[in-house]
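Colleague: So the chains spell out like this:
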Amino acid sequence: MSAEVVDSNPYSRLMALKRMGIVNNYEEIRSFSVAIVGIGGVGSVAAEMLTRCGIGRLLLYDYDTVELANMNRLFFRPEQAGMTKTDAAVQTLVGINPDVDLESYTINITTVDGFKTFIESLTRDNKRKRNTGGSKSGVDLVLSCVDNYEARMVVNQACNELGQTWMESGVSEDAVSGHIQLLIPGETACFACAPPLVVASGVDERTLKREGVCAASLPTTMGIVAGLLVQNSLKYLLQFGQVSKYLGYSALKDFFPTMELRPNPQCANLACRQRQGEYEAAKPARDLAARAKADADAAEAALASKVPVHDENEWNISLVDDDEGVAPLGVVAGQQGSAGYLPEGLLRELPDAEVFDESARTEEAFVKPEGDLDDLQKQLEALNAF
Amino acid sequence: MEGWDVNTKSTVAKIPLLTTRAGPRDGELWTQRRKEEFMALIKYMEMNKAKDSDWFRIAPNADGTKWKGKCWYVHNLLKYEFDLQFDIPVTYPATAPELELPELDGKTAKMYRGGKICLTIHFKPLWAKNCPRFGIAHALCLGLGPWLAAEVPHLVDTGVIQHKEKQSQSSSGP
Ligand SMILES: [Zn+2]
Chain V
1 MSAEVVDSNP
11 YSRLMALKRM
21 GIVNNYEEIR
31 SFSVAIVGIG
41 GVGSVAAEML
51 TRCGIGRLLL
61 YDYDTVELAN
71 MNRLFFRPEQ
81 AGMTKTDAAV
91 QTLVGINPDV
101 DLESYTINIT
111 TVDGFKTFIE
121 SLTRDNKRKR
131 NTGGSKSGVD
141 LVLSCVDNYE
151 ARMVVNQACN
161 ELGQTWMESG
171 VSEDAVSGHI
181 QLLIPGETAC
191 FACAPPLVVA
201 SGVDERTLKR
211 EGVCAASLPT
221 TMGIVAGLLV
231 QNSLKYLLQF
241 GQVSKYLGYS
251 ALKDFFPTME
261 LRPNPQCANL
271 ACRQRQGEYE
281 AAKPARDLAA
291 RAKADADAAE
301 AALASKVPVH
311 DENEWNISLV
321 DDDEGVAPLG
331 VVAGQQGSAG
341 YLPEGLLREL
351 PDAEVFDESA
361 RTEEAFVKPE
371 GDLDDLQKQL
381 EALNAF
Chain G
1 MEGWDVNTKS
11 TVAKIPLLTT
21 RAGPRDGELW
31 TQRRKEEFMA
41 LIKYMEMNKA
51 KDSDWFRIAP
61 NADGTKWKGK
71 CWYVHNLLKY
81 EFDLQFDIPV
91 TYPATAPELE
101 LPELDGKTAK
111 MYRGGKICLT
121 IHFKPLWAKN
131 CPRFGIAHAL
141 CLGLGPWLAA
151 EVPHLVDTGV
161 IQHKEKQSQS
171 SSGP
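Chains V and G, in that order, give the protein sequences. Quick note: the first sequence uses the working numbering, first residue 1, plus one each step. Quick note: the second sequence uses the working numbering, first residue 1, plus one each step.
Read the hints as simulated data drawn from the structure, not as lab findings. Some hints could be false.
[Claimed, not checked] Partial chain G-side listing against chain V, Cβ under 10 Å, derived:
#	residue
1	V6
2	L41
3	D52
4	P60
5	K66
All C-beta atoms in this analysis are idealised placements derived from N, C-alpha and C, irrespective of residue type, glycine included.
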């Protein structure tokens with residue numbers, strides 16, 4: 001990646017980030033692989049941003065086609081109506097930056113077959129594959145840009161199984177709020193650890209008219225959320241600035257709540273609990289590395305003792321060991337019983353699973369698991385037949 | 001249970017609950033869960049037939065991941081019947097199956113792309129609260145039944161769907 005400042009170099013303004021001292025390693029962007037699940041109003045814009053940034057490789061997943069009803073959003077053009085979103089995205093992105101390796105998967109990841117393809121594509125060996133710290137994945141980051149809970153739970157399942165860090169994004173169905181969230185299996189709450197957090201729109205639910213439509217959308221809200229998502233991704237990949245764990249956006253109030261979410265030891269997701277165990281087991285090694293880094297930093301500071309402490313340090317979260325000291329404001333344990341403290345403006349989208357009241361258990365309340373699967377299927381078919 | 005009519009509430013309360021938390025990738029446990037799904041569906045269909053309110057047919061493929069059938073709704077004494085299909089998601093039962101009526105794709109705003117019906121804001125919270133006790137029978141009763149009752153009259157009255165002549169004489173069954 002050339003840093004030469006000439007009109008013909010598409011990367012010159014990006015490489016200028018290095019000269020200015022914002023990012024020390026911008027050219028590494030060419031070595032990263034990012035998977036984007038859901039190429040809609042947020043995912044397509046995120047894909048374009050990463051393409052223009054010179055990302056190494058993009059994996060795109062969607063099963064939908066471009067509709068004229070999507071034209072209130074960015075990226076897709078009317079003449080692409082009828083194409084799959086993945087094909088249309090590749091067509092446009094190749095034209096913008098032919099340096100990016102693009103892979104497109106026209107699949108529904110929530111189905112058994114689609115999930116298999118999803119996992120295979122994420123784990124496929126790749127020459128760009130970096131040291132991902134024990135992860136089985138062949139990508140550096142997964143971005144979830146889907147519009148429903150079911151698909152988010154599937155991305156969560158895949159990333160928990162692979163130990164793959166991912167970022168979730170969402171825009172509310174009333175189009176006036178959104179959020180992004182960083183999920184590191186075992187280290188932060190997974191998407192199943194607690195019911196999902198969403199930003200309150202500030203609209204009284206009782207006056208919100210949902211009849212007759214499923215969802216509204218605005219190119220502004222979606223573009224803003226895509227921008228927040230890719231900004232956080234760049235900071236995560238290139239290790240500059242502070243990576244947000246959860247950042248909300250309320251369009252009506254221009255309010256941006258933030259918080260952190262700890263994993264739930266009782267999470268219903270087995271792979272999440274396994275990653276939590278591994279993260280716990282790796283604590284001594286982590287502490288050792290943190291101490292070594294602190295020593296190195298101290299030595300460096302001593303060398304540069306005449307120079308005041310670099311401003312960047314106070315923003316560098318890697319210096320904050322969250323295992324010691326007071327929990328930062330807004331840390332929420334992703335635990336059962338979501339009565340726990342939530343920062344202003346955030347609420348749970350779904351309730352916790354309720355524990356069944358055993359006193360209400362009667363003979364008839366539950367099916368009695370007995371009999372042979374084929375016999376039962378025949379009984380159902382018999383009922384279907386008349 | 002805010003958001004449902006009295007009849008639906010009393011019906012769903014009679015569908016037996018399931019106990020095994022397992023999805024299609026869970027091997028033996030999935031077999032166990034499928035037995036429970038069959039038993040709950042059999043009970044629900046028997047109840048419907050006994051009340052003369054039979055309204056769907058449904059059967060799975062060999063591994064229980066893809067279900068196909070029919071559902072119908074009677075409006076002004078005419079029966080409107082639709083193909084019904086859905087996949088069991090890999091994250092089932094943490095997430096409910098997304099019920100599809102492919103023939104109505106693009107014909108109503110209360111539908112996502114691909115013919116997936118758009119459920120009320122009450123459905124997902126109730127499903128989440130009752131995980132893993134609710135199964136396919138509960139999803140049909142709480143999701144598809146009320147959707148048909150709300151949408152079919154509207155689709156007929158606005159002329160979006162017309163009655164098919166061949167369906168007019170049949171009383172039950174596809
Ligand atoms: Zn979890």
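Colleague: Is the shortest C-beta separation between K66 (chain G) and chain V less than 10 Å?
Modeller: With a minimum Cβ separation of about 8 Å from chain V (threshold 10 Å), the hint on K66 (chain G) holds.
Colleague: Identify whether the interface hint at V6 (chain G) stands, where standing means a beta carbon of chain V within less than 10 Å of its own.
Modeller: violated, 20 Å
Colleague: Using the nearest Cβ pair, does L41 (chain G) come within less than 10 Å of chain V?
Modeller: holds, 6 Å
Colleague: Closer than 10 Å between Cβ atoms is the bar; does D52 (chain G) clear it against chain V? Give me holds or violated.
Modeller: It is violated, given that the least Cβ distance between D52 (chain G) and chain V is near 13 Å, above 10 Å.
Colleague: Hint P60 (chain G) vs chain V: min CB-CB distance below 10 Å?
Modeller: Holds, because the Cβ-Cβ distance from P60 (chain G) to chain V comes to roughly 7 Å (cut-off 10 Å).
Checked against the numbered hints above, the structure violates hints 1 and 3; every other hint is satisfied.
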